[in-house]
Amino acid sequence: DVKVTQSSRYLVKRTGEKVFLECVQDMDHENMFWYRQDPGLGLRLIYFSYDVKMKEKGDIPEGYSVSREKKERFSLILESASTNQTSMYLCASSSRRYEQYFGPGTRLTVT
Amino acid sequence: GIQVEQSPPDLILQEGANSTLRCNFSDSVNNLQWFHQNPWGQLINLFYIPSGTKQNGRLSATTVATERYSLLYISSSQTTDSGVYFCAVESGNQFYFGTGTSLTVIP
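These protein sequence lines are chains A and B, in that order.
Quick note, the first sequence lines up with residues 9 to 119 if you use my numbering.
Quick note, the second sequence lines up with residues 358 to 464 if you use my numbering.
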């Protein structure tokens with residue numbers, strides 16, 4: 009079974025803090041993705057990565073950066089958290105052109 | 358990007374009833390997936406179905422890629438089917454999600 013894990017289920021941070029969200033997959037998948045989910049807006053892609061050290065912007069990259077130093081790990085970084093980044097963050101992985109598998113999500117609250 | 362529309366947005370069913378959820382997409386796609394998001398937020402893969410028909414127990418799905426839609430059928434619904442159902446399409450290595458159908462199954 010594919011397993012995608014995320015570092016925290018719930019996180020509370022203050023405005024201006026630097027926030028790291030980590031995602032690890034155990035299936036040697038090439039592709040990894042970060043989404044945020046907000047009520048009424050569905051899932052929106054923030055960044056994705058095809059391979060180690062590769063990254064591509066999704067629909068809403070502003071205010072975020074990513075890091076992929078190892079194939080199994082994909083990190084999402086909020087350089088200076090703001091209240092409008094309060095959201096559910098979902099990580100996913102996939103082999104090329106095949107189905108995505110999701111982690112359990114991280115509910116981030118920025119106060 | 359590709360527009361993905363799901364209907365209906367909300368659905369309430371009596372336990373045991375059948376339902377059909379629809380996903381329309383605006384352009385040609387390579388892949389299509391259906392997910393169920395449980396009350397804890399976990400997205401669970403239901404079907405990977407770029408074309409054709411698949412069945413898994415009480416659930417089945419059909420994608421007609423040439424007409425740019427997919428259908429998810431739920432038969433003999435159970436309370437554990439409650440949650441949000443998403444379809445997602447892949448094009449150019451990006452995945453685009455619909456806004457989901459929220460299903461509530463009442464005992």
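Derived by calculation from the structure, the hints in this document are not laboratory data.
Among the hints, erroneous ones may be present.
As the list claims (entries may be wrong) - Where chain A lies over chain B, by a calculated footprint (3+ residues, C-beta under 8 Å):
id, region
1, 372-380
2, 408-422
What the hints assert, rightly or not - Computed footprint of chain B on chain A; a stretch qualifies when at least three of its residues, placed anywhere within it, have a C-beta under 8 Å from a C-beta of chain B:
id, region
3, 58-71
4, 106-119
This structure is a prediction, so every number in the text was calculated from the model and none was measured.
Here a beta-carbon is modelled for each residue, glycine too, at the ideal position from N, C-alpha and C.
Exercise. Taking a Cβ-Cβ distance under 8 Å as contact, does the region 372-380 of chain B have three or more residues in contact with chain A?
Worked result: violated (count 0)
Exercise. Are there at least three residues in the region 106-119 of chain A whose beta carbon sits under 8 Å from a beta carbon of chain B?
Worked result: The restraint on the region 106-119 of chain A holds, since 8 of its residues have a Cβ under 8 Å from chain B and three suffice.
For this session: Count residues of the region 408-422 of chain B with a Cβ under 8 Å from any Cβ of chain A, then say if the count reaches three.
Result: violated (count 0)
For this session: Count residues of the region 58-71 of chain A with a Cβ under 8 Å from any Cβ of chain B, then say if the count reaches three.
Result: Since 4 is at least three, the answer is holds.
The structure does not agree with the numbered hints 1 and 2 stated previously, though it agrees with the rest.
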